[in-house]
Structures are given as C-alpha cells and as structure tokens.
Amino acid sequence: MADIRVKFKKIFIYLAIACCNGTGDVLLKRGMDNLGEIHLNHWTHIFNAFVDPWIILGILFLAGFFYSYLTALSWADLTFVLPATAFGYVVTAFLSRVFLHETVSLWRWAGVLLITCGVGLVARGPSLTERHTKDTALGKDAALTKDATLSKDPLLAKDPAISRTKEQHELA
Amino acid sequence: MNSLKLWIAIGMLVLASSAGDVMLSAAMKRIGDLDLIRIEKGLLGVISRVISERLFLLGLCCLIFSFFCLLTALSWGDASLVAPASASLTYICSAIMAKFLLHENVDRRRWLSAALVCVGVLLLVK
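Top line first, the protein sequences correspond to chains S and Z. Numbering follows my numbering, with no gaps: position 117 of the first sequence is 146. Numbering follows my numbering, with no gaps: position 51 of the second sequence is 52.
For the record, the hints were derived by calculation from the structure and aren't laboratory data. Mixed in with the good hints there might be a few duds.
As the list claims (entries may be wrong) - Derived lysine to aspartate or glutamate pairs resembling EDC-like cross-links, with alpha carbons at most 20 Å apart: (1) S/58 <-> Z/79; (2) S/36 <-> Z/54; (3) S/39 <-> Z/54; (4) Z/42 <-> Z/79; (5) S/38 <-> Z/34; (6) S/38 <-> Z/79; (7) S/36 <-> Z/79; (8) S/39 <-> Z/79; (9) S/38 <-> Z/54.
Said to hold, decoys possible - Non-contacting residues of chain Z with respect to chain S, defined by C-beta distances greater than 12 Å in every case (computed): (10) 6; (11) 9; (12) 59; (13) 77; (14) 79; (15) 119.
Ideal Cβ positions, reconstructed from N, Cα and C, are used throughout, including at glycine.
Bound conformation, chain S alone (with noise of 0.2 Å):
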C-alpha cells in the first residue's frame, strides 16, 4: 500500500515540476511579446512587466515549480529529480507549437524524444532512490556498496536492537 503511495507521489511532482516549468516559460514569453522588445536606454520598462497578467501567471508558475522541486529534492535524489526539470523543456516544445503557433523543427522533435527518453530511464527506476536516501543518512559507506538492500537492511534492523540492550544495561 505504501508502495503504490510512494508511486504516485513520485509520478506526481514528475509532473508538476516538468508542466510547472514548462508552462511558465510560455507564459513569461506571451506576456514579453505582449510589452514588447526592451532597449537597454529605456530598461526601466521591464517594470511594466510586473503588471501583464501573463508575466504575473508565469510567476506564479515557476514559483510552483521552485516548490515542488525543493519537495522533490527533500525525498529524492538531486540525479533522480533533474532530469524531471529537463523534461520542462518537452512540455515547452509543445506548448510553443500549440499556443505560440512556433514552428519546432526535426531536430527539435528528435531532442525531445532523446529528453523523454533519459527521463523515462530515470523515473523508472524503482523505490531505489527511497532506500538510497536512507543510506546516506547512515553514512558514506553504506551509500558507496552497490547494493542498497543488502547494506541497508541489517543496519537498520541491528541498530534498534542495540540501543534497546544498552537501555536495558542502564536499567539493570
């Protein structure tokens, strides 16, 4: 049961990080199309940028993104969870067909099916990461054997039992 909620979790923020990243950076280009090109002698027009609702919903995008990132990376690892942001970029190939009316190339597609590629490799790694955060936290050892299983498991069973005979030391 557990397993399925760790699942999900893991598909979950895959998604917010990648659509959050993704449709923000369409969304900011919308609302700079909109203001217009900047030049460097009036640059204090970038202000007006505040105000165009576009920009402030991309804002509010990439801030999503930043959140669910710094989520992702309490429970994950850094390697685990950025290939999930280079999938942003995906997303952002076919938001700029579909709603800038951009024209993506044949290298671009090849691109994004390479990135969907990696990504896929990665997210389908099964609760591995889980256990490998664990063993980071038992110490540098532990995470540098290859096999997490093996390592993490007669530690972590060892260590209650150890406390709990020298709590019964002091109680003799």
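Since the structure of chain S is provided, determine the placement of chain Z on it from the hints.
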C-alpha cells in the same frame, strides 16, 4: 580571445548552477520531507523552516550568481550557443558532483539518462 572569455563565463555558470543544485539537495535532505512538514505546520511553517537553513541560502546565492553569469555570457555570445551548452553541461556536471559530494548511487541507468538529456538539450537548438 573573445571565445575564451565566453567559455570561461559558461564554465563559471555551469559550476555555479551545479554547486547550487547540490547545496539545495543537501539542504533539503537535512530539512526532511517537506510534505510531512506542510501537513504538520502549514505552508508558512515550510517556508520559515526552509529559509532558516543556511545551506539553502548558500545554494540560492549560487543559483543567483549563475543567473548573472548567464546574463553576462548571453551578452558575449549567441543565445543559441550559450543556453543549450550551459544547460546540457550542467546535467553532466551535477551528476558528477552528486556522485562525489552527495555520495548518491549514480548507476549506469542514471549516467545514461544524464547523457541522453544532455544530447537532447543540445539538439533542441538545431
């Protein structure tokens, strides 16, 4: 000479953003599961807990510095070179840093995916 300057800026940008990501990751591991904290103390509790972590602030400073490096590099070179080159190098650099500084278990699957993402990002500008 100009291209050397540009690549130095890109190098600093890549190092700063990878270091920032690694620090954020370490800080969040120290703080613990944000979902649980939010259930306990609400969103404001989460924000105050995160902001009071010094490593988080340091990582954020690194990311801000990398953003200024990006702006500098963009003013020296083409956006179509700077943005993808820095983004894809950052994925590789972060994976290396995560392995050696955070002692993450970066297995073959993760190296392969970092490489795929790196090449994919490069292709996006073609």
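A quick look at each hint next to the structure:
{"no.": "1", "hint": "S/58 <-> Z/79", "verdict": "holds, 18 Å"}
{"no.": "2", "hint": "S/36 <-> Z/54", "verdict": "violated, 28 Å"}
{"no.": "3", "hint": "S/39 <-> Z/54", "verdict": "violated, 25 Å"}
{"no.": "4", "hint": "Z/42 <-> Z/79", "verdict": "violated, 46 Å"}
{"no.": "5", "hint": "S/38 <-> Z/34", "verdict": "holds, 12 Å"}
{"no.": "6", "hint": "S/38 <-> Z/79", "verdict": "violated, 39 Å"}
{"no.": "7", "hint": "S/36 <-> Z/79", "verdict": "violated, 41 Å"}
{"no.": "8", "hint": "S/39 <-> Z/79", "verdict": "violated, 37 Å"}
{"no.": "9", "hint": "S/38 <-> Z/54", "verdict": "violated, 25 Å"}
{"no.": "10", "hint": "6", "verdict": "holds, 20 Å"}
{"no.": "11", "hint": "9", "verdict": "holds, 24 Å"}
{"no.": "12", "hint": "59", "verdict": "holds, 15 Å"}
{"no.": "13", "hint": "77", "verdict": "holds, 15 Å"}
{"no.": "14", "hint": "79", "verdict": "holds, 17 Å"}
{"no.": "15", "hint": "119", "verdict": "violated, 8 Å"}
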